[in-house]
Amino acid sequence: MAETALLEIRDLHAWYGASHVLHGISLHVQPGEVVALVGRNGAGKTTTLRSMMGLMPKATGRVRFAGRELLQLRAHQRFHLGLAYVPEERRIVPGLSVRENLRLGLVAAGSDIDERVAIDEIAETFPRLKERLDQEGVTLSGGEQQMLAIARALIAKPKMLLLDEPSEGIMPVLVEEMGVLFRRLRDEGKTLLLVEQNVEWALRLADRAVIIDQGEVVHQSSAAALLADKDIQERYCAV
Amino acid sequence: MDLSLIIMQLLSGIALGAVLVITALGLTIVFGMLGVVNFAHGALFMIGAYAGLYLASLTGSFWWGLLLAPILIGGFGMLIEFVLIRRLYGRSIDDPLLLTFGLSYILVEGVRIVFGSDGIPFPTPPQLIGVLDLGIGFFPRYRLFVIALVAVVLLVLWLTLEKTRIGLIVRAGARDPTIMQVLGVDIGRVWVAIFGLGVGLAALGGVLAGPMRSVNPEMGSLVLAEAFVVTVIGGLGSIVGAVVAGLMVGISISLVALFAPEMATIVMFALMAVVLLIRPQGLFGVRGRTA
Amino acid sequence: MSGELLRAEGIGKHFGGFVALEGITVSFAAGQLTSIIGPNGAGKSTFFNILSGALTPTSGKLHFRGRELNGLPQHRFVHQGISRSYQITNIFPDLSVHENVRVAAQALTVSYDIWRNRARLTELNARADVALDAVGLLGRRAELAKFLSHGQQRALEIAIALVSEPELLLLDEPTAGMGPEETKDMVALLERLAEKRTVLLVEHKMKMVLGLSKRVVVLHHGRLLADGAPDEIRSNPEVRRVYLGQSEGYG
Amino acid sequence: MPKFGPTSKISRRTALAGLSASAALLAMPRLGRAADETIRIGFPTPLTGPFAAEARDQVKCAELAVKLANDKGGIGGRKVELLVRDDKLNAGEAATRTLELIEKDKVHAVVGALSSAVQLAVNEVTRARGVIYVSISQSDTINEAKDFSKFTFHEALNPHMTTAAVARQTLKKGMKVAHLVADYAYGHEMLRGFKRAQAAIGADNVGEILHPFGAADYSTFMPRLMSMRPDVLCISNFGRDQANAIKQAVDFGVKQQMKIVVPVILHNQRLAVGPDVFEGVVGGANYYWGLETQSKSAAAFNSAFKAANGGAIPTDYGAYGYSGVGSLLQAMQTAGGTDTDKVIDALEKLQYDLTKGPQHYRKCDHQSVQPVLVLESKKKSAMANDNDLFAILANDTGSDDMLRSCSELGHAT
Amino acid sequence: MTSPSGGEAVAKSTSSGLGRLLDQRVLLSIAVLAVLPWLLPSQALAVNVLIYGVVVMGYNLLFGYTGLLSFGQAAFFGAGAYFTGIAIGRYGVPWFAAVPIAVLLSTGLAAAIGIVSTRTRGIYFSMVTLALAQLVYYVALQASSFTGGENGLRGFTVDRVSLFGLSVNFLDPVNKYYVLMAFAALAMWFQSRILNSPFGAVIEAIRENEQRARACGYDVERSKLIVFMLSGAISSLGGCMLALHLSIVPLDILHYQTSGMIVMMVLLGGARSFFGPFVGAAAFLILEDVISVWTPHWQLFVGAIFVLFVLFLPKGIWGTLLDTLGVGKARP
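Top to bottom, those sequences are chains A, B, C, D and E.
Each residue of the first sequence is one higher than the one before, starting from 1 at the first, in the numbering used here.
Each residue of the second sequence is one higher than the one before, starting from 240 at the first, in the numbering used here.
Each residue of the third sequence is one higher than the one before, starting from 531 at the first, in the numbering used here.
Each residue of the fourth sequence is one higher than the one before, starting from 782 at the first, in the numbering used here.
Each residue of the fifth sequence is one higher than the one before, starting from 1195 at the first, in the numbering used here.
So that you can see chain A by itself, here it is in the shape it has in the complex (with noise of 0.2 Å):
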């Protein structure tokens, strides 16, 4: 099984100067799989993705995408391999309008793409944007910003997205949007890989759902199951 998943990692450790965050994770994911890591506040999942981004100061172990070993590249060369990031803070840059953030997502992706195409393109994915897209982008409200910084992501057509907590501090209505957005995306074939504290949420929409507790792995099971047994959920995902 594991020789055909996109994303595979073996025994990740990862360190904040001398404080030593994750022990040795382990999963994979398949493609067109839509996997939730879930887990209390502080387990390590966040950590995790920026791991995998080449974003921590220091990580050690395996990580495998589309056949390429990710631990020795450096950050911006993973975006080239086809993985997407839509960070916690969501980091709409300020100063620039949403079209403008939007084409960030573009400027490293090759020459060959026509930009206004792949605008037009997001924009009718995301209509909320569609009609704002020369409004300052950091003007837009919490929910909007998390729409816009999923668009960058994907407006380069990548093969993999890491999402980290897209919910958090969103309006109900807006999380509601974007649960129907992200089965889409999975019906287009896309792999997800979803951080989330929502973990009710987070499970209705995955395949499959990891558990981390402080920096290891100490759960994995089909979504359904985990949905179903509250006991596990207690134990590891109480807040």
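Please keep in mind that the hints were generated in silico from the structure rather than gathered at the bench.
As the structure is a computational prediction, the values presented were derived from the model and not from experiment.
Virtual Cβ for every residue (Gly too), placed ideally from N, Cα, C.
Watch out, some of these pointers could steer you wrong.
Unchecked claim - Straight line, CA to CA, 20 Å or less: simulated EDC-like cross-link-like pairs of lysine to aspartate or glutamate: (1) C:737 - A:231; (2) B:402 - A:120; (3) C:714 - A:213; (4) C:726 - C:697; (5) C:737 - A:234; (6) D:885 - E:1366; (7) B:402 - A:136; (8) D:885 - E:1353; (9) D:931 - E:1353; (10) E:1509 - B:334; (11) D:887 - E:1483; (12) B:402 - A:100; (13) C:737 - A:213; (14) D:887 - E:1353; (15) C:676 - E:1404; (16) E:1509 - C:624; (17) C:676 - E:1517; (18) B:402 - A:134.
Stated by the list, open to error - Ranges between beta-carbon positions, derived for each pair: (19) D:1175 - E:1361: 50 to 58 Å; (20) B:404 - C:758: 49 to 57 Å; (21) B:369 - D:1093: 33 to 41 Å; (22) B:374 - D:1175: 37 to 45 Å; (23) C:677 - B:404: 42 to 50 Å; (24) C:544 - B:245: 41 to 49 Å; (25) C:601 - E:1333: 34 to 42 Å; (26) D:1122 - E:1356: 23 to 31 Å; (27) B:391 - C:549: 41 to 49 Å; (28) C:647 - A:26: 54 to 62 Å; (29) D:1182 - E:1333: 37 to 45 Å.
Model the placement of chains B, C, D and E on the given structure of chain A, informed by the hints.
Chains B, C, D and E only, in chain A's frame:
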């Protein structure tokens, strides 16, 4: 004191400001993007003048010198970033400043060794020798050319920043280098390029100043202090600020020269003190980052 | 011990066009442990920063012991009797553990004294040691703060806030990033603290909050959603929907 | 790796030896001098900085003077040694170096300095310690009673002498004269000289602009200078300031309207800025190698210098180094040694002709009375070779009339 | 090498013994300075080490202990020298009164510059202090009737110092050294008291974590202003010493290159250590002395050495030595 004299005075202030703008611009762009205050900026300005002179004598034309010196010295700047400054990212914000301070000693002394400590004549290009009759007075052609060239450089720079992909990367990279990495941009290469651009602008300022001033190893030290004042007034990292403050300083020096000439140097420092008392972050600076 | 200590009246905070807080009116009685909860982005940290003086509200007023706090610079808040800890560990890494606390202790008395030898200010040193003892760090007083473990640094953080003997102690997620053992120790510490002084706590960990607090205030989208005893909050349908409901069965 | 015990002993012994060796090295200058008879002359000069070329010329010429004396068997049989120190064109540095020369090297006299500030600093140190100092800087603040002492001699020209000579050559009754002046003591000295000469001739003053010392840009003064419509523009500044000011005046077309004159025209600045900018500029000088056609001593000095320096020609500032050290050595010869009072006495009585004609030190302020040259910068096409920079307009024989009077300088007469 | 553990034990015992010894940092520093003239090639150089050591020590309070990189310390060094010279030469004030007057006036100047500059942070602070110090330079240049302008201040030679009936020939280099060393000792004692005081803890807290210091109840801006003035006061004492030593005040003392030299010295010696400034001053001055005898291009080497220190030895000579010896917190 008649009006035409005041207009002539304004014009000479603008010409003076134009050189200040181009020099301060390099300093401010590098700071805005990399968070590095380049203390060797004045020394690189001076080296730019020498390089322009050398290349002009090599090719027989001032214009080649004007074109090639900023490129060559800009490339040298990229080398400096790559070999020295890069090691200091992540350390105290003071360290690049201190390093480039030491570097300026090396550069100035290096020029003394190669070209001697005397000045070298830098002739005005033959096409621009002499004065133009503006009706109200005569003004050197070369200084008019400097004003025009700086305007063109500013326009090109503005268009590049606002309208091109590279400009977008630069603007976004200054605000959030991490997200640019996530979006596949090799931010290290952008930093090298920006440092090169900043140094190239210093060199351009040097070549432009060459035919107006005497070219000597110490010509950069005064320029450095002036460029600091301009960037502080304009707001560190602000391009618009550098332009406005550069012209403001040039014109105030010029007008003070009319009424109290011996105060002409002091006026810019006084202007800076006043601006800082009112707006500690400078006219166009963003509060929080530095002030 | 009872009576109103701190009152916020119509507090609002805008960042440019973004509304972080709107019309928060709430009052805190002396001698209670109150928790402020809410999903991420609800405005808890902004509210906290306003209460501790780090941010100035765009609208509204703060009263502390009947005195209006608006317009006071942040450093004066400590002198009024309000002290805080930070969500992200915020200590003096290159000073010793004892020095971390001692420097906080002297703020109210001898801050600009350039002449006396601080090693001989025995009362201050003793007070610092008492605060360190309270958080269980007395044994490590001579070490540099940066060499403490994460949990110990969090405890040091609280000792720093505690040593000024504040009437109101503001604690911002004191258990952030802690494992279960460390969390347990911290909860015990919080319980001890709450016996003697007024504590305002921002927390994520619901069980802990509901167990510790006398009262819970819920923020959501920058507004006050609910305010009441833990049991009321637990059963409040609005709260369940936006917050607890996220993972059913934790009510 | 050798064994622990013995190594440590050896290494300690080696270390001690090394330590004492280095201590000896450091202490050597002090110990090595006890009983030698050498005459030591300190020579602070700005080997680094913008006047390094002038300084190097000064050193070469001073060394030449020493060498010639030693070749003749020294002074009263004693060899002469020149101790050159870099003053970095910094008065503080110069004072420190001079203190070292006096306290550590025990020099018998000091000659040197280029800038006004440095000469005054050196003078302050030497006069407090009773050491003879022959200054070769052109400012005349040092001649005034406040800074003067019996140990102080001024070999260089002063602004009063050069401006008077230049004015005589360029100004006529009724001419309109404007001034661009560096706003510091030396600039003011030059302005004072020009204005006095101009008043004597009967030329009219149409305006004075003071510019900040060390400014790089003079363009802002040009519109106003042009609007004064003078016949002659006197630029009273020095070195780089002068080069920049003339260059920018030329850019503004000033030369089409008026003649530019300067108190001192410098060989090396003319080289640094080029013939086109300087074309037609008139200024004073203490020396120009082309004087050899008019003066035997100039010819002799030139050939001695050329012989010692591979055919190079001496410059204006170089000549100061030669005459400064040369006159001192002659006085020591007369005094029969280094006794300070005797040497002062000999210097006061000395008549010497080393580079350009007869010179002597005036009694009241120890200013060297000497010939003054007025030079005009040649146009490029008129230059016979690279060294052919100036035409000599005048060579005024030295006389007391050229100087400010002793009472004016505050000396008891 | 027989037993590495044995070696370590030895090292440890020496370091703790050393630690106790180094606690007496003022006395120890004075002891070292007392023999300095006999170690250096000239007394003039030794006096300069004293003077610059005091100036840099004052600067270290600002840069090393508070973390504020000023590029304008020359203003206070110069002010101390000018005020001393003017008081003695122009107003006939005796030297022992001129020095405290000069320090007081310089502290006032530091207050004026500090009010503007401590409102700014980070790199801005460096540039603003540089520019304001240049302003002082130009003012001194223009006010030539007071300062002597470009020619420098002269006419206040102190040839004898007499106090309490004792009179010594101040022109004698050895006498001069020990009189000035008394000043340096005074400065060291003062600085040591500041560092040991509650306020000494405040400035370290501000360096470590400005935000937290504010939250602890400190008026950070006011504390920075106070330390700026204290630092200016100590550095100005170095200026007073220079004026007495050289009997001139060169205008260059106010130039930003002097400030740059002070920064170089503190980095060479080691910021945040008590004796580091003296080590740095000595290292810089000896280096300059040695290399400038050897080549006129000494600045090339000075610049290169400085760059290497920034890259590889950011704690400076003394700081690195202390770290190697394992001497802890007191950092003599």
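Each hint tested on the structure:
1. C:737 - A:231: holds (15 Å)
2. B:402 - A:120: holds (19 Å)
3. C:714 - A:213: holds (16 Å)
4. C:726 - C:697: holds (9 Å)
5. C:737 - A:234: This hinted pair holds, its Cα atoms lying about 11 Å apart.
6. D:885 - E:1366: Within the cut-off at roughly 12 Å; holds.
7. B:402 - A:136: Roughly 16 Å between the alpha carbons, so the hint for residue 402 of chain B and residue 136 of chain A holds.
8. D:885 - E:1353: The hint holds at about 19 Å.
9. D:931 - E:1353: holds (18 Å)
10. E:1509 - B:334: With Cα atoms ~12 Å apart, residue 1509 of chain E and residue 334 of chain B stay inside 20 Å; holds.
11. D:887 - E:1483: holds (18 Å)
12. B:402 - A:100: holds (10 Å)
13. C:737 - A:213: The hint holds at about 17 Å.
14. D:887 - E:1353: Measuring from Cα to Cα gives roughly 19 Å; hence the hint holds.
15. C:676 - E:1404: holds (16 Å)
16. E:1509 - C:624: With a Cα-Cα distance of about 15 Å, the restraint between residue 1509 of chain E and residue 624 of chain C holds, given a limit of 20 Å.
17. C:676 - E:1517: The given pair, whose Cα atoms are some 17 Å apart, holds under the 20 Å limit.
18. B:402 - A:134: Holds - the C-alpha atoms of residue 134 of chain A and residue 402 of chain B are around 14 Å apart, at most 20 Å.
19. D:1175 - E:1361: 50 to 58 Å: holds (56 Å)
20. B:404 - C:758: 49 to 57 Å: holds (55 Å)
21. B:369 - D:1093: 33 to 41 Å: Roughly 36 Å apart at Cβ, these two residues keep to the hinted range, so it holds.
22. B:374 - D:1175: 37 to 45 Å: holds (42 Å)
23. C:677 - B:404: 42 to 50 Å: Holds, at about 47 Å.
24. C:544 - B:245: 41 to 49 Å: holds (46 Å)
25. C:601 - E:1333: 34 to 42 Å: With a Cβ separation near 37 Å, residue 601 of chain C and residue 1333 of chain E satisfy 34 to 42 Å, so the hint holds.
26. D:1122 - E:1356: 23 to 31 Å: holds (28 Å)
27. B:391 - C:549: 41 to 49 Å: holds (45 Å)
28. C:647 - A:26: 54 to 62 Å: 57 Å Cβ-Cβ, so the 54 to 62 Å window holds.
29. D:1182 - E:1333: 37 to 45 Å: Holds, since residue 1182 of chain D and residue 1333 of chain E (Cβ atoms, about 40 Å apart) stay within the stated range.
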